[in-house]
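S.K.: Sequence:
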Amino acid sequence: MQTPLYQAKAEFFRMLGHPVRIRVLELLQHGPVPVRELLNEIEIEPSNLSQQLAVLRRSGIVISIRDGSTVSYALAGGDVAELLRAARRILTELLAGQNELLAELRHTDSSAQAGSSAFIPSGDMTSGRRGR
Numbered sequence: 001m002q003t004p005l006y007q008a009k010a011e012f013f014r015m016l017g018h019p020v021r022i023r024v025l026e027l028l029q030h031g032p033v034p035v036r037e038l039l040n041e042i043e044i045e046p047s048n049l050s051q052q053l054a055v056l057r058r059s060g061i062v063i064s065i066r067d068g069s070t071v072s073y074a075l076a077g078g079d080v081a082e083l084l085r086a087a088r089r090i091l092t093e094l095l096a097g098q099n100e101l102l103a104e105l106r107h108t109d110s111s112a113q114a115g116s117s118a119f120i121p122s123g124d125m126t127s128g129r130r131g132r
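If you number the sequence shown the way my numbering does, the last residue is 132 and the count never jumps.
It is possible that some hints are incorrect.
To be verified - What follows is a set of in silico ranges between Cβ atoms, one per label pair, in the way DEER data are often shown: (1) A74 / T3: 51 to 61 Å; (2) Y6 / D109: 40 to 50 Å; (3) S47 / M15: 17 to 27 Å; (4) A112 / L5: 16 to 26 Å; (5) G78 / E41: 19 to 29 Å; (6) A112 / A81: 11 to 21 Å; (7) Q113 / R58: 32 to 42 Å; (8) K9 / N40: 19 to 29 Å; (9) G78 / E100: 44 to 54 Å.
Hints are computed from structural coordinates only; laboratory data are not their basis. The structure displayed is predicted, hence computed values, not measured ones. Glycine included, each C-beta is placed from N, C-alpha and C at the ideal position.
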């Protein structure tokens, strides 16, 4: 029985669902990067980076390139870079919408506070007793 497309997509996005993997892919968008540079940029243990690179390599999203003793990684194709750019656009729109909502909430809150401070009950406010 063949895996449904929606399930394959879910597995693909699950594979991308690790911050280190996303950061690696971002760093590889502009071309091959040696492992030592990835380690400097990401600042994680070499064994952890190796595990995350292995996941990306097994999925076919990245390839390794050996040049003497230097191992570099590169994106296997340009579609991954486009996916990351699309994710950035989507997040930008979502965050812009949240900022607009936050600004509206703050405006509404300040209007409500201004409206509530306009009402001053008769009596002594500092002692908590009503005027006599």
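S.K.: Hints first: check each against the structure and report whether it holds.
M.R.: These are the hints, each one checked on the structure:
1. A74 / T3: 51 to 61 Å: With Cβ atoms ~27 Å apart, the hint is violated.
2. Y6 / D109: 40 to 50 Å: 41 Å, holds
3. S47 / M15: 17 to 27 Å: Holds, at about 19 Å.
4. A112 / L5: 16 to 26 Å: At roughly 49 Å between Cβ atoms, L5 and A112 fall outside 16 to 26 Å, so the hint is violated.
5. G78 / E41: 19 to 29 Å: 21 Å, holds
6. A112 / A81: 11 to 21 Å: This hint is violated: roughly 46 Å between Cβ atoms.
7. Q113 / R58: 32 to 42 Å: 56 Å, violated
8. K9 / N40: 19 to 29 Å: About 33 Å separates the Cβ atoms of K9 and N40, which means 19 to 29 Å is violated.
9. G78 / E100: 44 to 54 Å: Violated, at about 33 Å.
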